[in-house]
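Could you use the hints to bring the two separately framed chains together as a complex?
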Amino acid sequence: MAINVKDLDRDFKYQVMREPGGEYLSRCFACGTCTASCPVREIDERFNPRKIIRMTLLGMKKEVIESEFVWLCTACYMCQERCPQDVKITDLMNAIKNVAVKEGFIHPSYTAQVEALKNFSRLYEVGEFENKKRQKIGLPALDTETKKEFVQVIDDYVSGLLKGGEE
Amino acid sequence: MKYAFFLGCTVPVRAQNYELSARRVAEKLGIELVDIPEFRCCGYPIKSVNFRGHLVMSAINLALAEKQGLNITTLCNACSVTMIEANEELKEHPEFLEEVNRELSKFGLEYKGTVNVKHFARVLYEDYGLDKLKEHITRPLEGYRFAAHYGCHFIRPSSVYAEFDDPQYPVSLDRLVEVTGAEAVDYPEKQLCCGGGILGIKEDVALALSNKKLGIVKEKNADGMISICPFCSIMYEGNQKKIEKIYEKEYGIPVLYYTQILGLAMGFSSEEMGLKLNRIKPRALMEAFSNG
Ligand code: SF4
Ligand code: SF4
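Those protein sequences? They're chains A and B, same order as listed. Numbered according to the working numbering, the first sequence terminates at residue 167, and the numbering increases by one at each position without gaps. Numbered according to the working numbering, the second sequence terminates at residue 292, and the numbering increases by one at each position without gaps.
Isolated chain B, as found in the complex (with noise of 0.2 Å):
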């Protein structure tokens, strides 16, 4: 199994934390994550501004990754839904990739439209598979509770995913946790966004929304809330502290990427998953799963 590893802006300056386990829990899983040194970003910003210009963004790093034979897979949510999207487009739209490759010529590149991309979460769900997964689980998380958060762009929209999972009730995430032998604590408004996208235009509305869902989360008492996107991370991890002050509250709840707590349960220390790296300490775990 080898993908080429798309990065984008976010993981690898604030999520290097999510970053870390994912190489490492790849690596010991034995897929190999290639790095393709000439990957930027994919194109997500520049939708707002110019779709078509937003399209030859993506279609570079598809181009990049068809020149070697690979198929893509990120740790972003919204890298993820921009590329599969933009290939669709591609796909849909001979015009659109017309255009898209009269500009990547000017760079000696072409795109054929072959490269498909898939989120990592979802490369362990689907292509790895569950029962593979679970060979791997040397220590599971017994007697800990996490709020799965699958954040809006690993199942919306359903025209790119409907063969994944459910847009509404979505359930493969809560899987994955339960493969690390923790328990998928269930609650309501799971699809909730955590308002990420609008963190720059109008920081008390993003606020809120997040403020929304911690409190739904805190509620059913959970060990922390597993996230699989940087963004929702930065929501809801990042932005805890100021939201418990807006908003006169104590929630203290951790936020772990899905790739830290199954290389846990795979056997790697809280030190290799990057742990300390995490705002909101996870002290239980760091406890207990310490190497030193």
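So that you can see chain A by itself, here it is in the shape it has in the complex (with noise of 0.2 Å):
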């Protein structure tokens, strides 16, 4: 990877460092552990935890949270159990999509599970339809409204941070 000094933005590791899970960033010594141990990896060559990690570290953050690999962790946690200097890297990988989310990069699918969240308060959709054919097949029906509850906890973390950037 080309790196132009210009670029780089030292602030940028402390931002996930500040994030949930983003704390233990600085532990890692390079030695590859996580790579070695990552699924997804092993199908596509370009997602590279200890990659990623370095980058954050230099302050690559343009090319991190513009890219579509933070997203590609299945959050199998492979790696955090075999990192030796415990670096709980799946939850640093979220902590860099927290970032990204919060400087205006969401994945889309996640857009739309937003989007269902606040409209059922579930993934899915429990209408009547649904419910008919639960009961058909002896299941108790549940309860369909949409709580407000989860659409203030939308309001109030989600919503901001999908119409423009924050920080």
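Nothing false has been slipped in among the hints.
According to the in silico footprint, chain B covers these stretches of chain A (three or more CB under 8 Å from chain B): (1) 12-23; (2) 62-76; (3) 97-104; (4) 153-162.
Taking CB as the label site, the calculated pair distances span: (5) E98(B) / K118(A): 24 to 30 Å; (6) A36(A) / D204(B): 18 to 24 Å; (7) R283(B) / G160(A): 48 to 54 Å.
Hints listed in this document are in silico derivations from the structure and should not be mistaken for laboratory results. Each residue gets a CB set at the ideal place from its N, CA and C atoms; glycine is no exception.
Take a look at the structure:
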């Protein structure tokens, strides 16, 4: 990777470390155990947790948060189990995603999920149709109401992030 | 034995055979599952977007169970890990709990942090116990061979599961399969992820992950895979035909929920365990255990 020093953002790593899960970023000594343990990396070489961590430490903010890669982590926790430095990599990947969202980069599949949650308080709607089907096979009908609690949480924590940036 | 029954988003619409078999099995075992109508999403999808927001979502559900003095049991690995981890975060960080309760107070809710969350398979393994479970087996599934698929979030991260099972070489679900009288097939990469978490992000990579394990299980010639998570089943069962097409393979591997085979061994019929709702028909089991 070609690095242009001018483009580096020295604050990026602190921004990640301030997010829950990002705290242990600077413990990484680049051994590569995470990359060797990663099932996604085995299939798509462009996804490389060790590299994402190095890029974050270096301050390659744009490359990290605008890439699709951070969204490719399945959260399988294999890297986290094996990291000798206890970097808590899966949580760190989540922290990076949280920063990306704050900067206006959210993967569209998550925008859709947020939308569904706001409408149904569930990922999938349970309405009359679904309840009829449930009852037909012997399952109880579920409460179909959209809960104001969930609408509120999304309004308070998420909606603002989707409209533009924060921080 | 009594738990608040947390269904989550996926089970009630996409894994009705799982829910049906779990409810029937629990009833017969004398495990009371209490439906709390106000339960909604566990918060998992929001974690990647905003960690604090996902904590509040989890806490709404935790607070609802706490109000009734109940611990939670779930059928989904993602719901389990999300609420277990949220619980830990709220315990470890008083400032999170404070913030969460500020939000909850808007709806007259409060969370004190007293609720315990456990996957239903772990409830069977740990709280109910294998010995007591064995007493209910009236029709052992002798001669059947199943490959147990744990799914990541049933055993990892070890930071919250250390006292339960090994994060890389787990045994609990194999023991549960053996209780039914069936053989638990040993196979490499038992810990491998199904890929479900990125199905909506990059389908080809997600399906490649599932294909890998389907290939391993096929070689072992098992009668089926045993799942305890709706996401894992969507990957291995719901997407199996698609995977076969992409990779030009013929798998035809039935994927059953653990509660389905447990129920068969407890004397329920294949109809009662919802086997006809399985996408890849477990024909041998359907014929052997039909009531008609
Ligand atoms: S395993 Fe841990 S220490 Fe090694 S490169 Fe990955 S994050 Fe860094
Ligand atoms: S948690 Fe993410 S980065 Fe770590 S091994 Fe799994 S997929 Fe790879």
